[in-house]
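Student: With the hints as constraints, model all of the structure from the sequences given.
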Amino acid sequence: MLLVSYEFLFFLAVLLALYYLLPGRFQWPLLLAASVLFYLSGGAFAIVFLITTTVTTWFLALRLEAMTERAAARVKELGLSGGEKRAFQAAVKQKKKRVLIAGLILNFGLLAVLKYTNFFLGNVDVLFFGGSGEGPYVDWLLPLGISYYTFQATGYLIDVYHKKIHAQKNLARYALFVSFFPQIVQGPISRFDELAAQLTESRRFDWLTIRLGLMRMLWGFFKKLVAADRIAPAVAVIVQNPDQYQGIYVWIGMFAYMLQMFADFTGGIDIVIGAAQLFGIRLPENFNRPFSSRSLAEFWRRWHMTLMRWLREYIFFPVSTSRASQKLSGAARRFLGKGAGRRAPLYFASVTVWLITGIWHGASWNFVAWGLANCAVLLISQECSPLYRRFCSRFAWTASRGYAAFEVARTYLVFCMIEMFEYYSFDVVFSMFGSMFFGIRPWQFSGELAASLGLSAADWIVVGLSALLMFAVGLAQRDGRSVRERIFALPGWQRFFVIYGLFLAVLVLGVYGQGYDASQFIYNQF
Amino acid sequence: MRGKKLGGVLLAAAVAAAGLWGLTCLLVPKYTGRVVEGNFTAEYYREESPHDVLILGDCEAYENISPVTLWREYGITSYIRGNAQQLMSQSYYLLKDALREEKPETVILSISAMQQAEQSNETYNRMTLDGMRWSREKLEAILASRMEGEHLIEYVFPLLRFHSRWAELGGEDLTWFADRPLVTHSGYYMRADVRPAGTFPAERRRSNYEFEEKAYEYLDRIRELCEEEGIALILFKAPSLYPVWYDQWDMQIEEYAKAYGLAYLNALEEIDVIGIDFSEDTYDGGLHMNVYGAEKVSRWLGPVLQKQFGVPDRRGDAALSAVWEAKAARYDAEKQSQEEEFARLGYLTRFSGDETGASD
Amino acid sequence: MNYREELLEILQDINSEADYETCQDLIGEEVLTSFEMVMLVAEISQQLGISIPPDQIVPENFRSVDVICELLERLAEEE
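Chains as they are written, first to last, in our numbering: chain A, 158 to 683; chain B, 20 to 379; chain C, 11 to 89.
Calculated directly from the structure, the hints in this document are not laboratory data.
Wrong hints could be hidden among the right ones.
What the hints assert, rightly or not - Quick list of simulated restraints, FRET-style, between CB atoms:
#1 A/Ala354 <-> B/Ala32: 35 to 45 Å
#2 A/Lys321 <-> C/Glu80: 31 to 41 Å
#3 A/Leu299 <-> B/Leu201: 50 to 60 Å
#4 A/Ala354 <-> B/Leu25: 49 to 59 Å
#5 B/Glu232 <-> A/Leu263: 47 to 57 Å
#6 A/Gly658 <-> B/Gly217: 19 to 29 Å
#7 B/Ala37 <-> A/Leu299: 39 to 49 Å
As the list claims (entries may be wrong) - Far from chain C by the CB rule (all over 12 Å, computed), these chain A residues:
#8 Met224
#9 His319
#10 Pro399
#11 Phe422
#12 Ala501
#13 Ser507
#14 Ile513
#15 Met574
#16 Arg635
#17 Val663
Please read all numbers here as calculations on a predicted model, not as lab measurements.
For glycine and all other residues, C-beta sits at the position ideal for the given N, C-alpha and C.
Tutor: Right, here's the structure in full:
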């Protein structure tokens with residue numbers, strides 16, 4: 158079941174009615190049943206993997222907690238203290254660590270096998286068999302949301318290991334946390350402590366919350382259907398034919414691509430968060446006006462925030478403080494000096510995180526290159542930051558709004574250019590960089606090439622206006638106030654027309670259903 | 020205070036509904052250009068008088084029989100409920116739909132649709148079903164013939180289906196915002212241009228000539244419904260040269276007619292009796308009759324209906340005569356105008372908008 | 011034991027321009043980015059011999075210089 162489908166809206170409507178009609182104690186079991194149903198609608202077999210992850214992380218978390226409690230009881234019972242206590246605790250920690258690692262290997266192993274087997278086989282093919290491309294590839298379907306729920310479930314396991322949270326004893330309640338239906342498709346990746354309790358609370362019908370959820374969904378539909386899906390054909394044409402679309406088209410393609418990606422991803426998340434809000438559940442935000450970022454580092458703090466948070470907490474910090482990092486740091490300090498010692502863990506952890514980020518986004522070397530390109534830019538910016546700060550304190554005009562706008566544009570451009578690594582080989586990427594700065598010919602702009610993008614003038618107008626609207630909403634969110642709440646605070650008729658207008662825009666201008674093509678009607682067959 | 024708020028909500032709901040209704044009226048296709056078939060189903064409800072004969076089927080029904088001729092020469096009142104690619108299931112539900120309005124004595128069913136149990140193009144479904152008034156029959160008709168990717172809700176709210184027409188709205192969308200012109204003559208689609216029959220591609224052999232079960236199912240249901248209502252059912256094959264009407268198909272219909280004691284009129288075998296001249300009587304090279312061919316078929320059909328099935332001559336009824344005279348006048352006017360245009364240009368502008376129109 | 015002096019020195023080394031002493035929300039105001047946090051933790055480990063476990067690297071423990079000092083003292087005690 159796609160989030161953008163009649164089926165999903167129908168499913169949601171029925172579920173919503175049942176949810177608020179049922180007594181509180183049946184509400185969360187209903188959500189679990191709905192989540193299972195939602196998952197099954199995408200194919201029955203994949204749920205085996207979801208169940209495996211759910212059960213193993215649930216069980217191992219309980220084991221971990223039991224070990225912790227037993228150890229504490231033993232310490233008390235034996236009256237251990239000082240060195241003895243520390244030695245005992247260290248021994249327990251070792252055991253716990255083995256349990257944790259078993260759980261992580263199992264779950265990430267499952268993800269790796271399902272997601273990366275073909276990537277692996279392809280590389281083996283290239284390395285040893287000359288890359289005929291005919292290799293024995295597998296055609297496993299990737300279970301819905303596996304990249305998301307695996308992270309969410311393992312995050313829970315690690316948190317229990319660190320005693321940040323208590324393990325959930327009830328398997329069904331825990332299963333709801335892993336499988337909660339709006340978010341299983343594309344995140345956000347929630348933490349147990351922020352989501353689990355909310356899921357199982359009982360709730361009364363609250364129109365004020367529900368209308369906020371509906372409005373959020375409507376805005377998500379707008380972004381996805383009116384903006385993203387309308388520009389999609391042009392993006393596909395440009396992206397797939399880099400040799401044909403050069404110069405100015407690299408720019409057009411870049412803007413169109415980013416517009417599509419932004420509208421599609423944030424729109425999808427708006428639908429997810431809005432749908433959860435219908436049930437009174439607040440999911441974590443995944444975006445914080447990413448295109449207002451003044452640097453790439455800031456961008457990654459504002460874009461896909463729950464994934465980045467996960468990577469920071471469970472990869473970046475642990476790797477940077479790992480024994481390997483510490484050894485590396487010590488060695489670097491001895492041989493290369495204090496600065497190198499300080500930097501070694503940062504570089505080591507950054508490269509690790511960005512390799513994982515890359516490969517998480519897609520099973521190909523392009524994504525690895527994309528991740529490393531991000532990593533390189535971030536580290537270089539970090540190294541240049543003292544210089545940069547001095548530059549800014551020297552020139553007062555760097556505090557102006559114009560300069561801020563320049564930085565925002567620069568960040569956008571840098572991100573877009575890095576995105577190209579996702580699609581093209583190095584030589585194509587660099588030739589496109591060359592072409593976008595030195596290959597601009599004004600006459601490219603008109604004529605056949607422009608028409609071949611497949612969008613009519615009316616389409617471009619709709620895309621342009623929706624981009625403007627998204628931009629305006631972004632500006633309005635600058636002071637942190639909710640645009641939705643401001644809309645609901647408007648006087649009655651203004652509120653009505655704003656919401657109704659948005660609704661009609663989605664209804665009429667959205668790209669959905671079968672297009673109407675009068676020429677489809679071919680006479681001679683009936 | 021509460022009442023005021025409630026009033027506001029109701030008013031807003033009314034404005035919202037009116038807006039959606041208006042948008043729907045604006046955006047649904049008007050079918051007033053080259054393609055007029057989307058208006059056929061709804062036109063039936065504009066009929067003022069009852070019919071003794073109801074004709075059901077696809078293009079072989081609505082392009083080959085002229086009700087005005089049947090009236091003028093035999094006093095037979097008839098109506099064609101036909102649509103492009105109208106499936107047997109759709110004929111069945113349109114018959115049921117019509118039975119709510121009136122009770123004809125005779126039903127003529129064009130059986131060429133037996134060769135196709137499932138719809139091949141969503142556009143045909145929409146043109147056939149959108150015009151139906153909402154009823155249980157409409158719902159069942161949709162469910163029986165919808166294709167993959169077609170959603171019931173898009174029939175309930177046609178705006179969902181046709182919303183993307185916003186970019187191609189034209190003058191006709193305003194002109195025919197709320198009502199439609201009459202495009203048929205009692206369900207008959209008139210063409211007064213001529214394109215002689217040429218050669219057709221060779222008969223393609225088929226692996227299986229057996230009509231599909233679903234087609235038989237609805238043929239059975241039509242037959243049973245007619246039996247229940249005491250309506251005489253006639254199976255009819257139009258004199259179209261192409262697509263081929265295979266002997267194997269013909270035999271199946273013959274057997275079916277024999278088994279249930281139905282009449283089967285195969286005009287293909289009566290071409291000489293009817294007097295069809297394929298260099299004069301077809302507008303698209305032998306696929307469909309033009310008005311001259313349709314009138315000939317009607318002159319052959321009229322006596323059969325009267326002699327074999329006792330369909331009455333209603334010309335003595337003053338009220339009916341008035342209705343049909345008006346129809347005949349409209350018919351003659353259009354026929355004349357098409358004839359004049361064809362004589363002047365050698366084609367009809369309205370139907371040769373682009374290549375597909377000209378070559379069909 | 012008080013680590014304030016050493017801590018400030020390390021922080022100055024990482025970013026000499028930032029105003030660490032008065033800032034009460036180093037993370038929220040992005041005075042200390044995650045990159046700088048990692049460098050800080052590495053430097054603390056090397057210079058002070060205190061290793062901060064990853065589960066302690068949370069914004070709440072790095073809010074301000076004083077809070078970081080408290081963390082260090084707590085960890086040193088546990089050692």
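Student: Compare the structure with each hint and give your call.
Tutor: For each hint, the structure was consulted:
1. A/Ala354 <-> B/Ala32: 35 to 45 Å: For A/Ala354 and B/Ala32 the Cβ distance comes to about 37 Å; the hint holds.
2. A/Lys321 <-> C/Glu80: 31 to 41 Å: Hint violated: Cβ distance 19 Å, outside 31 to 41 Å.
3. A/Leu299 <-> B/Leu201: 50 to 60 Å: At roughly 56 Å between Cβ atoms, B/Leu201 and A/Leu299 fall inside 50 to 60 Å, so the hint holds.
4. A/Ala354 <-> B/Leu25: 49 to 59 Å: Since the Cβ atoms of A/Ala354 and B/Leu25 sit about 37 Å apart, the hinted range of 49 to 59 Å is violated.
5. B/Glu232 <-> A/Leu263: 47 to 57 Å: holds (51 Å)
6. A/Gly658 <-> B/Gly217: 19 to 29 Å: Distance hint for A/Gly658, B/Gly217 is violated at roughly 56 Å.
7. B/Ala37 <-> A/Leu299: 39 to 49 Å: Holds: the Cβ-Cβ distance is about 47 Å, inside 39 to 49 Å.
8. Met224: Holds, because the least Cβ-Cβ distance between A/Met224 and chain C comes to about 16 Å, which exceeds 12 Å.
9. His319: violated (4 Å)
10. Pro399: Its Cβ never comes within 12 Å of chain C, the nearest being 33 Å, so this holds.
11. Phe422: holds (22 Å)
12. Ala501: violated (7 Å)
13. Ser507: Its Cβ does come within 12 Å of chain C, the nearest being 7 Å, so this is violated.
14. Ile513: Holds, since 15 Å exceeds 12 Å.
15. Met574: holds (21 Å)
16. Arg635: For A/Arg635, whose nearest Cβ neighbour in chain C is about 16 Å away, the distance exceeds 12 Å, so it holds.
17. Val663: holds (36 Å)
The structure fails to meet hints 2, 4, 6, 9, 12 and 13 from the earlier list, while all remaining hints are met.
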